[in-house]
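**Student:** Okay, here's what each chain looks like letter by letter:
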Amino acid sequence: MVPELGQLTLILSFCLCVILGTLPLIGAGTGNRQWIGLARPLTAGVFVFLSLSLLVLGYSFVTDDFSVAFVAQHSNSLLPIQYKITAVWGGHEGSFLFWTWMLSGWMLAVAIFSKAMPDDFVARVLGVMGLIGAGYTLFMIATSNPFDRILPLSPADGADLNSALQDFGFIIHPPSLYMGYVGFSVVFAFAIAALLSGRLDSAWARWSRPWANAAWAILTIGIALGSWWAYYELGWGGWWAWDPVENPPMITWLLGTALIHSLAVTEKRGVFKSWTVLLAIMAFAASLLGTFITRSGLLTSVHAFASDPTRGIYILGFLGLVVGGSLLLFALRAPLMKSEFGFAAISREVFLLANNIILVVASAAILLGTLYPMVYQAVSGGELISVGPPYFNMIFVPLMAILVLFQVVGSISRWKKTSAEYLRRQLGLVAIAAVVLGVVLPLVVTFEFNFGASIATALGLWIILGILQDIRIKISNKASTVSGLKSLAVSYIGMQIAHLGFATILLGASLTSIYSVEKSVLLDAGETVDLGAYDFVFQGTEPVQGPNFVGDRATFQVMKNDVYQRDLHPEKRVYTQSGTPSTEMAIDAGFWRDLFITLGEPRESGAWSMTIHIKPFVRWVWLGAILMALGGVVAVTDKRYRRLRVKTLAGEETARSLKSGADKSAEALQPVSQQ
Amino acid sequence: MKPHRRKKLTIIAFIATGLSVAVGLSLYALSNSIDLFFTPTQVAAGEVSSGQRIRIGGMVKEGSVARSEESLHVEFIATDYNNDLLVRYDGILPDLFREGQGVVAEGMVADGVFQASRVLAKHDENYMSVEVKAAMDAAERDRADAVPAGESNGS
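Taken in sequence, the protein lines are chains R and Z. All letters in the first sequence, in the order written, are residues 1236 to 1910 by the working numbering. All letters in the second sequence, in the order written, are residues 114 to 268 by the working numbering.
No lab work stands behind these hints: they were computed from the structure. Heads up, a few of these hints could be off.
Stated by the list, open to error - Some, not all, of what chain Z presents toward chain R, calculated at C-beta under 7 Å:
#1 Ile125
#2 Ile128
#3 Ala135
#4 Leu143
#5 Glu182
#6 Ala247
The beta-carbon is built from N, C-alpha and C at its ideal position, and this holds for glycine as well.
Could you put the whole structure together from the sequences, leaning on the hints where they help?
**Tutor:** Below is the structure:
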C-alpha cells in the first residue's frame, strides 16, 4: 500500500509541473496576475509531493519492503542502515527520483529567495523549471518507475547494494554532484525567462549570478568528492581517469566556469549578452548529456546503470527538444541582444573573452573525446575503439596553462581599456619572480631539474603572486592595510579565494602526476619493501568479520629513515550476499604526501601481492577544489545581489510593463467580478 | 569599414583562428591515442599487427588462470568460445576479475600472445561490458554461420 502512495504523489507532482509549466508562463506573457501568482504555490506543491515520493521510497528501504523491485535490487536485510537510506540513489530509478527532487528543491529556493525580482520574471523562471520537471517526472512514470512491484512472488531478501558503493563517499558524492548539476537548470531557466520577456539587461545578469555561483560551487565540491572517493575506493592510486562518465560533469563545470565569468562581464559592462545566454544553454545541455551517458547504457563504466534503450531514446529526445527549443528561441530573440563593443584591444573584457574561448574549447575537446567512440561505433558498423587519457591530457594541460597566463593579466587589468605599460609595470616583477622560483624551488627540494615541475610551479606562483599584487594595488591608496582589506568587496574576496584554489589544484595535479611513485611486489610476512624515503614492513594478515562481509586485514609498519612512523591496515573483503570481493586501501594522508597501500591477492605460499604508492601533493587537488567552492559561496553572500530593485532604466521598464500587465489582468478579471 | 565593424571582425577572426587550431590539435591528438578493440578470433586471424597498442576482450576461460609463486606474473586465457588468446600480465588483477567472467585488457600482441599493460574487469554482477558483449555476439554469429541452424542445439 505504502509504495503506491509514492507512485500517486509522483503522478501528482507531474500534474503540478505541467500546470506550473503552462499557466504562469502564459500569465507572464499576457499579464494575467492571477496566473503569475500561481507560480510560487505550485512550486511549493511540486516540492512537497516529490519529497513525499522520496520519503516513501526511503521508507520502503528502511522497512525492507522487497516487494518493491528497486528495493529488492539494491538493498538487503543485512545492509547497514545508512546504506539502506542512501541506496535510494544506488540505482537508476531511485537516483532519478532523487535528481528530480533536487530540481524541485532548487525551484523552491528560487521561489523563496527571489523577493527582489519582479513577479512576472519569477513566474517565467519557475515555469521553465516546471517544464523541465514535467519532462523528468514523465520519464520516471513512463520508463523508470522506482515503485514498480514484484507481486505476488516477492523475494524474501534483496540482492544487496553494489559493494563498491558501500562507503562514506557514496553517501555524500551523488547528492552534491546532483545538486550542482541540477543547479545549472536554474541559470538556464533565468536565461530562457530573459529571452521570453526580452529583458536581457544587467539586472538579469545580477539576478543570475548568485545562482550560477552557487551551482558552480556545489558542482565543484561534487566533482572533487567523486575524485577523492575514486582515489581511496578504487585503489589504483589515481584521482582522475577521464572516464566517459567523469567527463560530462567536467564539461558542465568548464562551461559553468566560463558562464560565471561571462555573467560578470554582462552585469558590469552590458556586453557578451548573447554569449552568456548561449553558455547557460550549453551548460544545462551538458548536464543533460551527462544524464544521457550514464543512463543510456552506451558506455561501460563504474557509473553506468543497467541499460534500457527506451530510456536512452527518451533522454535524447528530451535533450533534443530542450536544446532545439532554446536555440530556436535564441535565434528569434537575437535582435534583442545587441551589445555595444565599447572596449579596447587590451581590457579586462578581452581577457575574459579569452578565458571563455579557452574554457569552451577545452570542454568541446573533452566532449569530442567522450563521444568519439560512440560515433565511431555507429559509423563503422560496430567497430569498437576507446580514447585514452593521453588524448585528454594532451589537449587539456596546455589549454589550462594558457588560461592561467590570461587569468592573472585579466584580473589585474581594468574594464574598457588598459595600457600595456600599466600591465608591464604591475606584473613584470611578478612574472620574473614566478619564473625564477618555479625553476629554483623544485630544484632545491628534489636536487633534480624537471621541466614539467618547473612550469607548473611557475604557473602556480604566477597566480598566487598575481593575487597578492592585485590586492596590493587595490588597497594602496587606503589609509592603512587593515582598512584597505576591510574595504574590499565580498564578491572580490570570493573571486580571489577561488583563484587561489585554482592555483592549488594546478600545483597539486601537476606535481602529484610528476612526482608520484609506486611499486607492485609479492611479499611474505616479515619482508620489507622500500620506496622513496620509506620502508614498509609487512607483518602478515589476520581474518576480519564485518556485518555483511568477511576478509583479511594486513598490518604494515611504516618506517622513515629507520624511525617508526605508524601502522597501516589495508583489507581485502568479500561481501557475503553477492560474493563480490573488494579492496580497502590503507592511506596515510598528509599535507605534503600520501602513503597508500592496496592488497592484491594471496598466493598458496601465504605471500600477498600488493601495490604501494607515495603521492606527493595529492591532497592539494581537493584542497584547491574546497577553496574554489568556498570562493563561490563567499561571492554568493555579497549583499549587492540581494538589494531590492535597483533604479535603473531597465527597472523602470519593468515597472511599466508590470503596470500594463496589471491593467490587462484587471480587464480579464472584470467578467468574474460582474458575476 | 567602420571602426566598430573592424573591431568585431578582428574578434571573430581571433575566435575562428583559436577554434581551428584547437580542432586541428584535437584531431591530431585523437588520431594518436585511439585504442582499437579486437576479439580473440580477430587476433587469431592475424588482423593485429604486432606492436600495435590495442584492447582485447572476452571471457576468462575456466581453469586457465596461472599465477607465479615468485612474482606478480599471471597468465590466463581470454576466449570468445571460438578462439583462445593467451594473456600475460605483470601486476595485480582487479577485484572483479574471475574465471568464467568477462575481461578487457590493454596491451599488445607479440608472437600470438597478448602482453597486457592493464586489465579491467566488468563492473558488476548483472552488467557485461559493451566490448565483451560485442565480442561474444560476434563469436555467436560466427558459430551460427558455421553450424546449420537445426544442429546447433545438439552441440
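**Student:** Which constraints among the numbered hints does this structure fail? Numbers only, ascending.
**Tutor:** 1
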